[in-house]
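Engineer: Starting from the known structure of chain A, fit chain B onto it as the hints suggest.
First to last, the sequence lines map onto chains A and B. Residue numbering for the first sequence is 1 to 114, as defined by our numbering. Residue numbering for the second sequence is 1001 to 1114, as defined by our numbering.
By construction, these hints were calculated from the structure, which means they are not laboratory data. Note that the Cβ used here is the ideal one computed from N, Cα and C, for glycine as well. Treat the hints loosely; a few may be bogus.
Far from chain B, some chain A residues (derived; all Cβ distances over 10 Å) [said to hold, decoys possible]:
| no. | residue |
| --- | --- |
| 1 | Ser27 |
| 2 | Tyr35 |
| 3 | Ala42 |
| 4 | Ser61 |
| 5 | Ser67 |
| 6 | Tyr70 |
| 7 | Gln76 |
| 8 | Ala84 |
| 9 | Leu102 |
| 10 | Ile103 |
Among the chain A residues that face chain B by a calculated CB cut under 10 Å, a handful are [to be verified]:
| no. | residue |
| --- | --- |
| 11 | Thr26 |
| 12 | Gly41 |
| 13 | Thr44 |
| 14 | Leu46 |
| 15 | Ala50 |
| 16 | Thr57 |
| 17 | Phe60 |
| 18 | Phe104 |
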Amino acid sequence: GQSLEQPSEVTAVEGAIVQINCTYQTSGFYGLSWYQQHDGGAPTFLSYNALDGLEETGRFSSFLSRSDSYGYLLLQELQMKDSASYFCAVRPIMIYNQGGKLIFGQGTELSVKP
Amino acid sequence: DSGVTQTPKHLITATGQRVTLRCSPRSGDLSVYWYQQSLDQGLQFLIQYYNGEERAKGNILERFSAQQFPDLHSELNLSSLELGDSALYFCASSPGQGPDSPLHFGNGTRLTVT
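Excised from the complex, chain A in its bound form:
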């Protein structure tokens, strides 16, 4: 099976850097994704790490280490609008079924303070 663990809440100040961690237990997966959700709105895709290492997209970076079963999302130059929930997600390798289900962690609520 698959399980992903994230901190439930993180607080940071505007302009700072924050790291949201995701540890996982899974028998095999293709890569680690991150999604952002504002106040019960539609989740939106942020990043995808297929390989170990750092992926950078503007102010956001994501990291994956398969050997450590660990990943993180790094948000730099925090802005008030970054206050949202952030979810890590994995797509398990399914040998006999070609389905592409995406399994999400419970989410981390980020509060950015002025």
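Structural biologist: Quick look at chain B alone, frame taken from chain A:
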């Protein structure tokens, strides 16, 4: 706007009733996914369809069923509703099933069972 359309936006119904939630995927997307999000909870995967065929199933209750039609829109049917079924139901779509295909979510249907 993700291009994924969900109707209705809100639904209020009584216990024991049956409802149908509808989803139109982004133009050209063949995969449709359904997720349930209860209050302050993560996104629980329900079921995935690809080009009309069921491809992956999560912990979907037997009272719930879904289908994807030839025009690729999908419906999620919830029957014998219970108070605990009150949640946000999201539909998402992606072009394929590949691990690097991000999901594009609709704005969700908020179901309230009274």
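Engineer: Please go over all the hints and tell whether each is borne out by the structure.
Structural biologist: Hints, one by one, checked against the model:
| no. | hint | verdict |
| --- | --- | --- |
| 1 | Ser27 | 15 Å, holds |
| 2 | Tyr35 | 8 Å, violated |
| 3 | Ala42 | 4 Å, violated |
| 4 | Ser61 | 17 Å, holds |
| 5 | Ser67 | 19 Å, holds |
| 6 | Tyr70 | 18 Å, holds |
| 7 | Gln76 | 22 Å, holds |
| 8 | Ala84 | 14 Å, holds |
| 9 | Leu102 | 6 Å, violated |
| 10 | Ile103 | 6 Å, violated |
| 11 | Thr26 | 13 Å, violated |
| 12 | Gly41 | 7 Å, holds |
| 13 | Thr44 | 7 Å, holds |
| 14 | Leu46 | 9 Å, holds |
| 15 | Ala50 | 6 Å, holds |
| 16 | Thr57 | 12 Å, violated |
| 17 | Phe60 | 14 Å, violated |
| 18 | Phe104 | 4 Å, holds |
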